[in-house]
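Following the hints, complete the assembly by docking chain C onto the known chain H.
Protein chains: 2
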Amino acid sequence: MTVSSCKFVLVNGSGFAVVLICVLLAFSALPAYAQDAKFNSDNSLTRPEGYRDWMYVGTPLTPNDLNNGEAPFPEFHNVYINPDAWRVYQRTGRFPDGTVLVKELVSVGAKEASSGAGYFMGEFVGLEAAVKDSKRFPNEPGYWAYFSFGHSYPLAESTQAQAVENCSSCHQVQAAQDFVFTQYYPIIRAAESAGKSGGGRMRPLESR
Amino acid sequence: MTVSSCKFVLVNGSGFAVVLICVLLAFSALPAYAQDAKFNSDNSLTRPEGYRDWMYVGTPLTPNDLNNGEAPFPEFHNVYINPDAWRVYQRTGRFPDGTVLVKELVSVGAKEASSGAGYFMGEFVGLEAAVKDSKRFPNEPGYWAYFSFGHSYPLAESTQAQAVENCSSCHQVQAAQDFVFTQYYPIIRAAESAGKSGGGRMRPLESR
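In order, the protein sequence lines correspond to chains H and C. Residue numbers for the first sequence, in this note's numbering: 500 to 707. Residue numbers for the second sequence, in this note's numbering: 500 to 707.
Only chain H is shown next, with the shape it has when bound in the complex (with noise of 0.2 Å):
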């Protein structure tokens, strides 16, 4: 629905006609949320974008100073996924087609606060993204796709998927559940419990 605003007239029960002024704000705005992954015609994948309002999976922190001064992965991986694909889950506890998962790296910012000894969160630094699409990506393990936009800013506006050994083969083999590492994610866990016993605690994305 595109329509920002519209005068109509409601027909009540009774027969009579209440002119009123709306403004559908709210629809209007829906359709414009770009939350499925976004290709370019050489199937180079768009940066997301509007990934931090995405449904928050967990945070996995691979520091700099446990990894010989150079993680990976640096350091915080904020992991969301897109709003569709959660209510899907939700409900079966599958990741459907048209999953995506971003990862938001952030260096880490200090290691001593009022709270304790640990590790705070500093400055963004990167960003990835896997995609699960049985029709775009037939021939990748498990119809996931893998994407790396860099490790420091700039980063790519986009990027083509990463070959299959850079990512794939280890979600493929270390990853609780189809390719996505749900060991490290009690969010995501709680929310396929409550999907089989048909309740749980977390509430349905619908009702944002």
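FYI, nobody ran anything at the bench for these hints, they're computed from the structure. None of these values were measured; they are calculated from a predicted model. Do not take every clue at face value.
Said to hold, decoys possible - Every beta carbon over 10 Å from chain C, so not counted as near; a handful from chain H, in silico: (1) Arg590; (2) Ser651; (3) Glu656; (4) Asp677; (5) Glu691.
Stated by the list, open to error - Ranges between beta-carbon positions, derived for each pair: (6) C:Ala616 with H:Asn665: 18 to 26 Å; (7) C:Tyr652 with H:Ala655: 36 to 44 Å; (8) C:Ala655 with H:Asp541: 54 to 62 Å; (9) C:Ser633 with H:Asp541: 51 to 59 Å; (10) C:Arg593 with H:Tyr652: 21 to 29 Å; (11) C:Arg593 with H:Asp541: 43 to 51 Å; (12) H:Arg590 with C:Thr545: 23 to 31 Å; (13) C:Phe538 with H:Arg590: 32 to 40 Å; (14) H:Ser613 with C:Ala655: 18 to 26 Å.
Here a beta-carbon is modelled for each residue, glycine too, at the ideal position from N, C-alpha and C.
Just chain C, lined up with the frame of chain H:
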């Protein structure tokens, strides 16, 4: 808006009328979203629900192994802000009355993964919240009250505000903006910058 469905006659600019059937499912869902703090008659705060669907803010980490085996807040701290407050923050760069920040504590589940050495989430272990409300807490510093539902499951169903010396005094002195540790939350800083410049890369929550 609580209208869940309606029939209306659309009057367009040319004067033609078009009958539409309009099922306002998205609209009807909005008011049911219990995103704000719920207080009981004794001023205790009911344990928030649905917060994992709120806006994700950041994840400080204070692992037990870096805090003599007993971190004050074990261990990952997943922080969320309620959407109503986030919308205001994006526009103004300020936390409004009614801001709720939830801190979900998650244990360290692993320290080594295929992505490297580090810290990986295990299980949910605790929940805390901060609420800014000048009318309900006129005597709390900055109008912020702090609540802990426990650091092990089962969590408390409701809880009274903590004494100032337990939480507020530290937030007041150490936090970068209005009792909130925005120095560790690049997501908030990015939104604050965007608000100042009247734009920015983050999409407003309305378009979720």
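Each hint tested on the structure:
no., hint, verdict
1, Arg590, "holds (15 Å)"
2, Ser651, "holds (15 Å)"
3, Glu656, "holds (13 Å)"
4, Asp677, "holds (16 Å)"
5, Glu691, "holds (14 Å)"
6, C:Ala616 with H:Asn665: 18 to 26 Å, "holds (20 Å)"
7, C:Tyr652 with H:Ala655: 36 to 44 Å, "holds (43 Å)"
8, C:Ala655 with H:Asp541: 54 to 62 Å, "holds (55 Å)"
9, C:Ser633 with H:Asp541: 51 to 59 Å, "holds (55 Å)"
10, C:Arg593 with H:Tyr652: 21 to 29 Å, "holds (27 Å)"
11, C:Arg593 with H:Asp541: 43 to 51 Å, "holds (44 Å)"
12, H:Arg590 with C:Thr545: 23 to 31 Å, "holds (27 Å)"
13, C:Phe538 with H:Arg590: 32 to 40 Å, "holds (33 Å)"
14, H:Ser613 with C:Ala655: 18 to 26 Å, "holds (24 Å)"
The structure is consistent with each of the numbered hints, conforming to all of them.
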